[in-house]
Each structure stands twice: as C-alpha cells, then as structure tokens.
Amino acid sequence: MIKIKENLFFMLYACCIPVKGAKRSIICDLQRDTFTYVTNEIFDMLNRPISLDKIKDSAEKNDVTAILNYLKEQGIGFYTSNPENFPKIDFASNDFPEIVKNAIIDFDKNSDHNLLSIVEQLSELRCSAVELRFFDEISQDNFTEYLSCFAKSTVRALKVVLKYSEWTTIENMDEILFDNKRLRKIVIHHSSNTLSQKPNTQSRIHYVTDQIKDAYHCGNISPYYFISNISFFKEALTSNTCLDKKVCVDSKGYIKNCPAMDTSYGHINTTKLKDCLNNEQFKKMWHIQKDDIEICKDCEFRYICTDCRAFITNDNLFSKPKKCNYDPYENTWN
Amino acid sequence: MKTYSELIKDTDRTYYSLNFLLAEFEFTENLEKKIEVMNNSIHCDYFETRDFKPEPYYKAISSCIKKFE
Ligand code: SF4
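Chains as they are written, first to last, in our numbering: chain W, 1 to 334; chain S, 1001 to 1069.
Bear in mind the hints are in silico, worked out from the structure with no lab data behind them. Each hint should be verified, as a subset may be incorrect.
[Said to hold, decoys possible] Coverage of chain W stretches by chain S, computed from C-beta distances (three or more under 8 Å per stretch; other residues unrestricted):
#1 42-48
#2 68-78
#3 121-132
#4 143-149
#5 157-163
#6 281-294
Small disclaimer: the values here were computed from a predicted structure and weren't measured. From the three backbone atoms N, C-alpha and C, an ideal C-beta is built for every residue, glycine too.
This is chain W alone, in the form it adopts within the complex (with noise of 0.2 Å):
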C-alpha cells in the first residue's frame, strides 16, 4: 500500500492515454500493448493531474486513493510532486518517412503480375511491409522466387498468406524464416488443424483452417486485431487505420486502396504505382478517421482498432464496418 504525501500529484504514464467511449473507457498503455477498462467518471478524473491535497478532505477520499493506488499498481501512473516535468506525447509531429507505408499483393492461379516490378516501384516509395496473399496453391520453387524479389528492397516487414499443400509443413517454413529475415508472419489457410509457432522472438507461423479463397475474406473486426502502440495510435488520431498510405494490387492486376474494393486506378502492367498517389480520389480513402464513422465514434475502442471500408454497413461511406459485431452503447460483442 502507498503512502500518500502531501504536495502529490497521481499522473498517468505519457504512453497511458485514457479513451472515451459511450458506456465506458479505456486507458491504452502504448509501450506495453494492452489496455485497462475504467469506468467514464474514472476517465473523466484522469483527464488532468489530480492533486492529493485537493481530494483530502473530500468524502470519496478512500475510493479516489484506492482507484489511484490500482492504477499505480497496473504500471499506468504514479505519484509526483512536479507534474510540469511530465509533458503529454506530441501527436501532432508526422515521423512517417514512408510515400507509402504498406502493400497487399493478391496472387491467384491466374496472376500473371511480375512481383519484381512491383517490388522495385514500392521501393521507389519507401514502402515498409508488404503482404503476399495466394488463394491457390503455389510450388516450393515459385514462392522461394517470390521471396527473392525482395531481397534488394525498402521492405523490412514481410508477411505471407500461404493456401496449405504438401510442402507447406513447419519444417520447411521455420528453414524459409531463417533463410528471410524479412519474412515475420506466415499464415497457412486451408489447412485440417490450427497450430500457432513461433520458432523466434520476431517471427510467427500460424496454421488456420480458414479457407481464404479471395480478397473477400478480409476485413474481419475483432479484439484479436486490436493494436495499442505509439505507431497505430497516432495513425488512428488522423488517418484510416487500415488504407492509410496503403497501396494494393488484387490477384486481377489491378491498383486499388484494397483488393476487396470494386474501384480500380489502373491495371499494374500498363500503370506506375506512383501515378495512383497523384489521384486525388485513390487518396480520400487514407483520410477518414474512427472519429468520422458512425458508431466508431462513440467506441472506447476506436484508436486501437483497425478499420475496413470494403465491407461497410450501408451505403455510407462513413458507416461502420459491417464485420464489427460491437455494440459500444451496450458493451457487448454480439
């Protein structure tokens, strides 16, 4: 138990930043993602340094103290007598150096786009993470050719959405993770059984029996999406959390903000990515923040969330992502 001075401040972490939501709040600790349910009269307190002196002698003394002594508890604030020395994280400075910060290249048994080129213009653009998604099964061979593309690249994130076939067992995958330092994920659907590894700190092989057959299977909305770091926070204060500087190319050939979506900016063998980003229709997508969407809005979850705008709940385009089954006035996953 803390014994409280006089002259003391509580404070929250910089990095634990309280959320608003109809019903209740949460408090996102950013460095540790994860995040703690409080009450909105609990928010509401939190909003500035809560002075001790000032709550001695009210009656609520002991519940304010043992709420206070919690959160100490948690790692989410602490005690000080210099609350000027704890400034909040400036949100506002932009330390993105990325033209476009994430690629999704979609491959069926029909694709005939040269990944190469690709992956060369994506460099051009300072793209960072790339994800390789084939709905139908591909050879050993082609996907080590694959893989090979990026070898001279800006990407330093890698993840792979593999359809499961004989070649596919963990042995293999754990050789190819350590032959490609770049490759931090790889899903395997289609298979008979679930299985999650992780052969190092960085990366991860996850076998599930989704069958992923298309770009369609996308844009599902769940805790296990939720995201609570400094990055994601920020994105989420004033872009979209899924197509911010987000570039695609569906198993078609064609550019998109993403390959679920029916607007295409041309087809990847005739047009440059980089001609996309001039249009300024291909970027209005980037722009439309959870505070902007129906429902989102009132969510205590809404700068942790990724977003989906390809399946949407009515024909606004600010409408809720239809695969969200949250309902924020009730608190409950439907």
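Place chain S with the ligand on chain W using the hints.
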C-alpha cells in the same frame, strides 16, 4: 534486488530492444509481483508485441483470419 532482464538467456538478448537493455539498470523491489502484473495484463496477442520486444510491424496489414487460437 533483481532486474527483469536477468531472466533472459544471454543467447536471446540480441532479440530485445534498447528499452529492454536500458531496463537492466532498473532494479525492482518485488520482481515476482512485477512479473505477475505483466503476465496478467490484457495484451494484444496478434503480434504479441509487449514492451521490450522489437515490433515486426506496428499493425496488421490485412485482417483475413477470423480468429487466432
Ligand atoms: S465499433 Fe468501430 S471502433 Fe468499435 S470495435 Fe467496432 S469497428 Fe472497432
């Protein structure tokens, strides 16, 4: 007094971030309690990024899997 980093094998240390290495200098009065708090806090297990771990990438690029076990 112990530091949290003492629990990590020497051979695994290169995987950990600068934050973690700095934490070596931070002693904690009750290490068991600290570990218990860390282990019981809700975290996003999509990337399993916790403090002290390098981020593979800061977010999911797509969300095509319904649920991770
Ligand atoms: S209501 Fe919106 S912000 Fe909340 S969980 Fe659903 S999609 Fe995410």
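Status of each hint after checking the structure:
no. : hint    : verdict
1   : 42-48   : violated (count 0)
2   : 68-78   : holds (count 3)
3   : 121-132 : holds (count 4)
4   : 143-149 : violated (count 0)
5   : 157-163 : holds (count 3)
6   : 281-294 : violated (count 0)
Comparing the model with each numbered hint stated earlier shows that hints 1, 4 and 6 do not hold.
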